[in-house]
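Q: Dock chain to chain to rebuild the complex, using the hints, since each chain is given by itself in its own frame.
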Amino acid sequence: MIDTVGKVFRITKVFLGYSLQKAMAYRVNFFFLYLAVLVQSVGEVILLNVVLNQIDSVMGWGVYEILIVMGFAKIIEGIAWMVYRGGLMDFSENIRTGDIDNILLKPLDLQFLISIENFAFEETSGVIAGIVFVVVGVVGSETVLSVENVLGAILALSVGMVFHYVFRLVYSTVAIFTTALERATVLDVKFFELGRYPVQIFPRIVSKFLTYVIPIAFVGTIPAEMIVWGLDLKMVITGLVIEIVLLVGARSFLKWALRKYEGVGK
Amino acid sequence: MNTSFDGRICVMRKYLLFFKLSIQEYFEYRVNMLVIVLSGFVPFFATLFLWRAIYDAGGSVGNYTLADLAVYTVLSVSLRLITSMEAHFSVADDVRKGNLSNYLIKPMNYFWARFFRRLGLIPIRIIGSLVLGALFLLVLGEEISINLRVDGVIFFLLFSLLSVFLNYALSFLYGCIAFWLKEILGVYVSIWFTVKFLSGTFFPLDLLGGLFKNIVLALPFQLGVYVPIIALLGKYEMVDYLKLSGLYVFWTFVVFLLVGFVWKKAQNHYESVGI
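Which chain is which? The protein sequence lines are U and Z, in order.
Our numbering numbers the first residue of the first sequence as 164 and each following residue consecutively.
Our numbering numbers the first residue of the second sequence as 20 and each following residue consecutively.
So that you can see chain Z by itself, here it is in the shape it has in the complex (with noise of 0.2 Å):
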């Protein structure tokens, strides 16, 4: 009998339950989870109408067409729901109630818990997501007509998966922030819409201009939402998908190495008095 491989099963069984648990609450709560993702929808409704005013008064919005930017609205508001996985909130919640010792004194990783649990809603804001979109852009009656490659379609669903694990690693270090303060609701709030403007949820992020493009392009935020929509629209060569991927790994290297170096320094910190 091959003792280590079950072993791995059986880790594997522990955080799996997580992840099933995960989607038995959020069922539970059907009509919420519907209403969340469509609320993410209702401000980009908005601007959808806004790109369809500028193009029908003549003008333009960079080398996009009007088609690109309906896609990339919708496409900006599924990615931002499906793989922002915002674990910080959670976190924090552990941490100020004292919750994390029942964690600590389990025989598992609570970064790898939290993980599968945040893990569980991708399927629900999947499905939630493409209905929803496929809906929108319908109502919209764009004649949508984009060229569709391979190796963007590839690339587009490789990097949106890499981002869930990069966005989870990042939340967590945000989450982390709650060791350290009592109240934590302003830096969050600072810092979702920080990283939503960054991620290029509101408009593709090549519309900057000069420096300050280029230092968002090289930061890790673009990663979640831009880049793998633009793969999707075609809009890249192959060195492209080189250099992009190496930022991948780059920044997933960098961000992990910090989500273990500050979680040592908090279970330091950590007091476990519950607020």
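The following block holds chain U by itself, in its conformation from the complex (with noise of 0.2 Å):
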């Protein structure tokens, strides 16, 4: 257990040192992929206020409050950019390609290695702007920390977190069956730009939909809402069961497509 736990670190550390000097490479790239975070938190910035111009809130959420919505939002699009999305994205093209046999052959969990093994450092802005986002936005709405609000909401942002990385798993591990989603990479992308707003904008039909099947809501609004409103204990322990029935399902789902693996390449 303690070498397995040793040989994970190692491998993580030679991706990570991987990743880092493929970023400083091309240090131009660097900083426009930086400006573009700049550039896109100011557009919504300016969205925000031209929307909500005339009136102070909607429905139940003022200016600051969908801040922090769009900040928890947007850490978890960093992270997810930064850590897995580059490695899962690889693996669809692997499996097209039959370069994923080398992968198999590794002596390592193919679940670990395909989502680590693309780190990218310049997506830590899009980390970096969700802070701010969310901070300001805490500042603005002169909401009161406690310790559970900020253990909750890092509890539902958690599971937002891991809904985030089973969806984009599982539909990079629907290339072993067919390619005709693989050009169609966006998708995910623009799915999750509907967590950017807080879910109650819906009808109630979808906002439970967005909550409790398909939850999107852990993604931004559940978050803030442990943030401003207080913690929300039944909301934690739900999204922590939906945790771990994502994480098994995707997991199962995964084996049990190998398991139906050509390796003819395509």
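Calculated directly from the structure, the hints in this document are not laboratory data.
Think of the CB as a built atom: it goes at the ideal place given N, C-alpha and C, for glycine as much as any other residue.
Mixed in with the good hints, there may be bad ones.
What the hints assert, rightly or not - Partial list, computed: chain U residues near chain Z (C-beta under 10 Å): (1) 171; (2) 203; (3) 357.
A: Right, here's the structure in full:
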């Protein structure tokens, strides 16, 4: 067990080092990716300002509270791009070309390998922007933080993070059966943009669907609710149950799909 | 026999082949196309419901009714999909991989070859956008009662057509950046979001205020999305159409001039090594 943990740590360190070297080889690109996030963040703030210019709140959410929702969504997106999105996208491509055979032969868990092989340090900009949004939102809404609220928000955020990861993993694993979706990699990015707004703006049935069935609400809305309005223990427990079901389900799906893999390359 | 006319037919035929190939390619990946079109609408679902929540709460957005904003939101996604052209990735790819050489040694103009390839996307995206746009409006259940004027419809179509050329030329310019930078993803992401914002894809640009609004409304990016939709919504008078037509001509002239200048410089810089 200790050997395995040590091996995982060493492999992760190697991938991190390689990814950092890759990022620093194209410094101008690195700078422009940071600039892109800055431009996007400014645009989102302007949009929010324009949209909510004439009213104090929408469905109980004021400008600063919505900023907190957006901030949490950006943190999740930033971590996703930083840690596993590149690797999982490469996984789909590797399935198509047959290069996955090289990965399957390695003496390490496949899910771990495909998830961490492609760190993107330039995506730290998204995480930083998200944190700034949350901080500005908390200060602007004059929210008083407590240990329970912050802990609740972190737990809710972890559910959102897991959902995001599982969605991407399943999406990539589908490539074993069909390449029909291979080029349509933007779908998950666009889908998760729904999480940037409070789910209460949707009709009630859609809002419930986005909370309990496809839990996009955990990407932004529920962590923001925990921070602003306090810990909801029932929601945290529900979230943790969803988290476990998603992780077990996704891993089982991956293992089952790999048993069907024929390795012909396409 | 009119050889000059035959010559022109022959020239058009080779470019039309690119157009045909592009359509064939996209029919090969039908599901991909459908997903790409669908994914363009997904985030705007949220925006539409946000507008509705604002109006239900007794607020309003500028001088627009909820129906205006619903139509604007759906049309902005559709127009963006149809007229954006987005040739920059293809151009950059050709430069980086050295494939540009294949085009340069052939008896064709690379700019127009790429144009006709991108043009092939339009029929498919129009069909996809029409179907999905109608579906979204149906689902929202909004009573759409916009004043459709003949001049508005005519200028909507005219401005949309003109913006295809303008947007293509702009995206070709962005693509030429690849002649000077090895890794261009960061640059393109910056450009992509900025252009999307300045085109009015997220909200009507007249909601901005002050000097910033005046600057944005003088730039060419609004001509692809904001201007045609506002024309269709019947919010322009004849004098506005004349001013906007002048703006189209001016920016098309400037951008094509820039393309010519940059392309000449870029060819001197091109090494065809492939990366």
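Q: Of the numbered hints stated previously, which ones are contradicted by the structure, given in increasing order?
A: The structure breaks only hint 1.
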